[in-house]
Amino acid sequence: MRFAVNLLERLLLDDKCRYVVSPATDVLETASGYSLRCVMPGLNKDDIRLDLRNNELCLEAASQLDPPAGMQVHALEFCSVSYRLRLALPADADFKSISAEYIDGMLIIELPRKEQFLGKRIEVKS
Amino acid sequence: MHRFFKHISGLADYRFEREKAGQSCISFPIQLAEDAERFIVRTLAPGMKQKDIDIVLSGQTLTITGQFPCRAGNYLRQEWPCGTFSRSVELGCRVNSDAVEARLETGVLTISLPKRAGVKTSRVQVKYGS
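Protein chains in written order, with my numbering: chain X, 1 to 126; chain H, 1 to 130.
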């Protein structure tokens with residue numbers, strides 16, 4: 001049992017002994033493209049690492065939400081965690097125009113849709 | 001391990017609370033800490049602005065209510081609910097309501113509640129034997 005708990009903790013903990021969780025994420029389809037909203041309160045903007053690799057969005061961040069030091073804690077329903085998320089992006093998204101902003105504890109990622117090519121008339125030269 | 005499950009349940013409790021309450025409101029996860037002078041209550045309020053949050057102190061009960069607005073568009077995946085969040089906390093002793101301070105920063109609401117003068121915490125010595 002102890003071995004199983006150790007193994008599970010190794011899989012679930014990051015190098016600073018914070019539990020690794022996936023942030024709650026909303027994906028919205030809008031008229032211009034896609035909007036992603038990752039719920040990650042208690043972060044510094046500089047602690048968020050967002051990479052785009054092979055049409056996949058990779059997110060890593062760590063929150064600082066430990067209870068105040070030196071106080072007696074009566075309820076502890078959340079704590080510092082390490083966020084990790086890998087999300088496959090839709091094929092019609094324009095990856096070059098991706099933008100991200102951290103506002104009020106949420107990471108908002110805007111992903112416009114590629115302009116659809118509807119065809120054009122080709123001029124014939126003589 | 002216990003801390004992990006606490007965190008997960010804290011973030012996911014809203015679903016159960018919403019089911020229990022017939023979709024009326026969602027519960028905030030909290031941290032409650034105390035020292036000799038004050039209580040500190042912290043809650044997660046991501047995506048909320050100052051105007052969306054209402055804090056009421058009634059006797060020894062602190063009630064936090066917040067509104068998380070829904071966004072226009074077609075949701076392909078929704079893991080965070082929109083609607084009314086609410087949570088009441090029993091503090092256990094009276095606080096100085098004039099000196100209560102609340103700060104909202106990066107989606108974390110921190111409320112500092114100084115204890116009323118005269119309220120002292122005392123340690124009780126446990127005696128052993130007869």
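No wet-lab data here; the hints were simulated from the structure.
Careful: at least some of the hints might be erroneous.
[To be verified] One side only, chain X facing chain H, incomplete, derived with CB under 10 angstroms:
#1 GLY42
#2 ASP66
#3 PHE95
#4 ILE103
#5 VAL124
Note that the coordinates shown come from a computational prediction; the quantities given were computed from them, not determined experimentally.
Backbone N, C-alpha and C define an ideal beta-carbon position, used for all residues, glycine too.
Hints, one by one, checked against the model:
The beta carbon of GLY42(X) is positioned within 10 angstroms of a beta carbon in chain H (closest approach about 5 angstroms), and the interface hint is therefore held. The interface hint given for ASP66(X) is met, as the beta carbon of that residue sits about 9 angstroms from the closest beta carbon of chain H, less than 10 angstroms. Because the beta carbon of PHE95(X) sits about 18 angstroms from the nearest beta carbon in chain H, more than 10 angstroms, this interface hint is broken. A cut of 10 angstroms between beta carbons decides the hint on ILE103(X): the least distance to chain H is about 8 angstroms, and the hint holds.
The restraint placing VAL124(X) at the interface with chain H is violated, with a minimum CB-CB distance near 43 angstroms, outside the 10 angstroms limit.
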